[in-house]
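> For reference, the chains in residue letters:
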Amino acid sequence: NAGVMQNPRHLVRRRGQEARLRCSPMKGHSHVYWYRQLPEEGLKFMVYLQKENIIDESGMPKERFSAEFPKEGPSILRIQQVVRGDSAAYFCASSPNTDGNQPQHFGDGTRLSIL
Amino acid sequence: AQSVSQHNHHVILSEAASLELGCNYSYGGTVNLFWYVQYPGQHLQLLLKYFSGDPLVKGIKGFEAEFIKSKFSFNLRKPSVQWSDTAEYFCAVKGGTGGFKTIFGAGTRLFVKA
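As given, the protein sequences belong to chains A and B, one line each in that order.
Residue 288 in the numbering used here sits at position 100 of the first sequence, with consecutive numbering throughout.
Residue 929 in the numbering used here sits at position 57 of the second sequence, with consecutive numbering throughout.
Chain A on its own, in the form it takes in the complex (with noise of 0.2 Å):
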């Protein structure tokens, strides 16, 4: 089992809905990053987000997309009005801290299809 844990593994909706990924971190890392992956293409690095602050959101679309990790709970990635576009893997991961040889642990991933 993945020590982080996404969910909903699987997510429909239709265009114009909102969708809500949620991401548990593993226990004792305070870092969150999001990632989305489409197909044939590698992992886009969205946010970066530590406890009630985001550190760094350069990957985010400007509109429609948002995300938090609030002190209690998961870490939330909003998606508003999708569009058809949105259809993708989204990842979550997690780190201890920022040092450079600490890896990111990944979860399962939320594939969200869009109808």
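Honestly, the hints are just simulated from the structure, not real lab data.
All of these numbers come straight from a predicted model, not from anything done at the bench.
Be aware that a few hints might be false.
[Stated by the list, open to error] Think about it this way: if two alpha-carbon atoms lie no more than 25 Å apart in a straight line, the pair counts; the simulated PhoX-like pairs of lysine-lysine are:
| hint | chain 1 | residue 1 | chain 2 | residue 2 |
| --- | --- | --- | --- | --- |
| 1 | B | Lys930 | B | Lys973 |
| 2 | B | Lys973 | A | Lys215 |
| 3 | B | Lys973 | A | Lys239 |
Given the coordinates of chain A, work out where chain B should sit on it, guided by the hints.
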């Protein structure tokens, strides 16, 4: 901009063949390098990492990788692949001018024929 290039998108091998997957990066400064594997339907798992010392790194399941600083490369190798190695492999780079971000390559899908 920082980038990671993986040379082959798809590789097909027979069991017992040798494997080498290429990875090049464009970064400044000290970097940390990783190879991850993603088996079908599963999450990414760390195969091996390099952050200092011996540039030849041994990982799990018989994989190894060599960091060649002058070539900005970190190629993954395995002398004899098995059917169970069928998966997607991602090279990743962290640090240097990219800071804390981990930048991933596009991945290489390996299919090993039994």
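> Hint by hint, say whether it matches the structure.
Taking the hints in turn, this is what the structure says about them:
1. Lys930/B / Lys973/B: Distance ~24 Å between Lys930/B and Lys973/B Cα, so the pair holds.
2. Lys973/B / Lys215/A: Status holds; Cα separation ~21 Å.
3. Lys973/B / Lys239/A: 17 Å, holds
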